[in-house]
Amino acid sequence: MNGRVYLDHNASTQVHPEVVAAMLPYFGERFGNPSSVHSFGREAREGVEIAREQITNFLRVSKDEVVFTSGGTESDNLAIKGVAGARGAGHIITSPIEHHAVLRTCQVLETQGFAVTYLPVDGDGLVNPDDVRRAIRPDTILITIMHANSEVGTIQPVDTIGAVARERGIPFHVDGVQTFGKVPIDLDGFGIDLLSFSSHKIYGPKGVAGLYIRKGTKMVSVQHGGEHERRRRAGTENVPGIVGFGKAAELRAREMEAEATRLTALRNRLWDGISARVADVRLNGHPTRRLPGTLNLCFRHVESESIVLGLDLKGVAVSAGSACTSGNVEPSYVLVAMGVPLDWAMGSVRATLGRLNTDADIDYVLEVLPPLVERIRSLSPAAVS
Amino acid sequence: MNYSETLIDHFRNPRNAGMMRDPDGIGEETFDGCGDLARFYLKVVDGRVADVRFQTYGCGPTIAASSAGTELATGRSVSDLLTLSERDVAAAVDGLPAERLHAAQVVAGAIRAAARDFLSRRSAPSGMKQHV
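Chain order of the listed sequences is F and A. The opening residue of the first sequence carries number 1 in the numbering used here; numbering runs sequentially from there. The opening residue of the second sequence carries number 386 in the numbering used here; numbering runs sequentially from there.
Bear in mind the hints are in silico, worked out from the structure with no lab data behind them. Among the hints, erroneous ones may be present.
[To be verified] To give an idea of the chain F side of the interface with chain A (calculated C-beta under 8 Å), a few residues:
1. Leu109
2. His301
3. Ser380
4. Pro381
[What the hints assert, rightly or not] In silico DMTMM-like links for lysine to aspartate or glutamate, alpha-carbon gap of 25 Å or less:
5. F/Lys215 x F/Glu229
6. F/Lys206 x F/Asp8
7. A/Lys428 x A/Glu414
8. F/Lys314 x A/Glu484
9. F/Lys314 x A/Asp479
10. F/Lys314 x A/Asp394
11. F/Lys314 x A/Glu390
12. F/Lys314 x F/Glu374
13. F/Lys314 x F/Glu229
14. F/Lys206 x F/Glu367
15. F/Lys206 x F/Glu229
16. F/Lys81 x F/Glu65
All C-beta atoms in this analysis are idealised placements derived from N, C-alpha and C, irrespective of residue type, glycine included.
So here's chain A without its partners, still in its complex pose:
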């Protein structure tokens, strides 16, 4: 399998790996075909992503795409992330082989889910923790 240098670099040195305490949004996505699972945590300040963390179970490309996904999300507005596509994630690792596109799918799905989670928490009745 031929992977890009960017992908290999993210696999070797994953950015922003690990869990986050008291996140403002959490999102998860699994890929049924292979059991890959990505979980993203967001810290949001003034509607923008200030910090991101990921935890991922999966093959090399899924781990690399998770790392690249954290860089994509950092600094973006949460509403932007609602439309993050698998193409955006695949581009962030300089492309994926056709049979590994699920890596981008699971990461984009998890980031979108984290963004939705943040927005639903914000609109939730008082008593829920809020960071605005």
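Only chain F is shown next, with the shape it has when bound in the complex:
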């Protein structure tokens, strides 16, 4: 433990030093516009294409199937609006625990005449593939289900859902922002036609992401301008960002498997330690089908923000499940969809581990968290419903 403990890796990660080193020349002598024909442009283009190769090697797809974007949100927008725009009308199937980039895009499409089905999830946050099958209509144009949820980490059965989509010939989009570089993604095996994936969740820079588009998927572009990215995404490429993203993906190919094992063990030790020391605490999300480093807990009769503040004052960064805006605390919509009772859901806290976390970090959290919860509970009236 070195002063502060960062346990919010599903929000963002520290850029890997090797990634920073790979990016630096592209702020300096290789600053050209990759669309330019001169040597400056060619050098920048080379950086972009090396990165594309690093990413397509990692995903085992061909180079013309990946489009670089400005972030996971743009990738989700491009995938959903791109397919919807190509069809003009129709029905979309999704879940209520998707990222807002998917949910709000679907809501906008509803105002434009598209129909959307939001499938239920079970208590562990899982979508039932049979529900997907039953929801399909003759006019269904897209199924969009996330690979893993950022709050609770539950990993969806995207392979089974993908098989259903493929059997019916419906494009299948997967928001893989939380899984890319953390758990294996077999695009062909899972039957995925579109995959959103992001850089800053895997020790790359912010402001850059990608969308995998399977060859033959009918799409329109969403943002118009130049001929960039084979006319699928106009706008000068974020060259240093893309170079860093490529390097980050290459590093994940080397480190992902061992890291997943290590983080799962650390995360389980954190949960075992907390549940042994703190009463009235529950684990949210699937017990095993879960992102390696994700631990989402509810402390009953404690408001999550007070824990987040208390831990922050001890140098530990976690995130609150419920968000307070203008005095209105909304319990997490993900936990609500999973049926978590309100008096538990208000006390949800998410700890997400990453490559720099150590056993000493976990020891420290286990030292400071239980007395903090006890102290906050001692201030509270005994029964709050």
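Fit chain A to the given chain F structure using the hints.
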């Protein structure tokens, strides 16, 4: 979120936390927006607040404002507390971010309710416990 040092100090070391046996007045306030709840207990001697305790469920600012509220109330006359405003409470923690003003609202409301409770007990018919 940026909080004042005073607020952080009250959150870390809450003053006068816990329940009170045989209080002279109890008041509670909830904030529907987020479910925050503050409960204040008063001990009154000669019309002035001699002792205050609080119990609070809420976010860090609400806990801190509760602690600061007990210091505000101590030594004041009960009738003064009837007009305690959320601005008074917010000032006692050196200000609150706009989106956390509910912390002062719930605490000021609970203290006013405790003062009203004391006065209504005092004016109640004999048989009720009185501390005058």
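25 Å limit on alpha-carbon distance, applied to hinted pair lysine 314 of chain F and glutamate 374 of chain F: holds (15 Å)
Given pair status - glutamate 229 of chain F, lysine 314 of chain F, alpha carbons within 25 Å: Given that 25 Å is the threshold and the Cα spacing comes to 46 Å, the pair is violated.
Distance restraint between lysine 81 of chain F and glutamate 65 of chain F, which requires alpha-carbon spacing of 25 Å or less: Holds. Lysine 81 of chain F to glutamate 65 of chain F sits at ~18 Å (cutoff 25 Å).
Given pair status - aspartate 394 of chain A, lysine 314 of chain F, alpha carbons within 25 Å: Holds. Lysine 314 of chain F to aspartate 394 of chain A sits at ~13 Å (cutoff 25 Å).
Straight-line alpha-carbon gap lysine 314 of chain F to aspartate 479 of chain A, limit 25 Å: The given pair, whose Cα atoms are some 22 Å apart, holds under the 25 Å limit.
Serine 380 of chain F as chain A interface residue, shortest Cβ-Cβ below 8 Å: holds (4 Å)
Satisfaction of hint between glutamate 229 of chain F and lysine 206 of chain F, Cα-Cα up to 25 Å: holds (19 Å)
Pair hint lysine 428 of chain A and glutamate 414 of chain A, alpha-carbon separation not exceeding 25 Å: Answer holds: lysine 428 of chain A to glutamate 414 of chain A is near 18 Å, not above 25 Å.
Holds or violated: lysine 215 of chain F to glutamate 229 of chain F, with C-alpha atoms at most 25 Å apart: Given pair lysine 215 of chain F, glutamate 229 of chain F holds - Cα atoms ~14 Å apart, limit 25 Å.
Supplied contact hint for proline 381 of chain F, tested at 8 Å Cβ to chain A: holds (4 Å)
Interface hint status, leucine 109 of chain F versus chain A (Cβ within 8 Å): This interface hint is violated because 31 Å lies over the 8 Å limit.
Restraint status (C-alpha distance of lysine 206 of chain F to glutamate 367 of chain F at most 25 Å): violated (33 Å)
In summary, the structure is inconsistent with hints 1, 13, 14 from the numbered list given earlier, while agreeing with the others.
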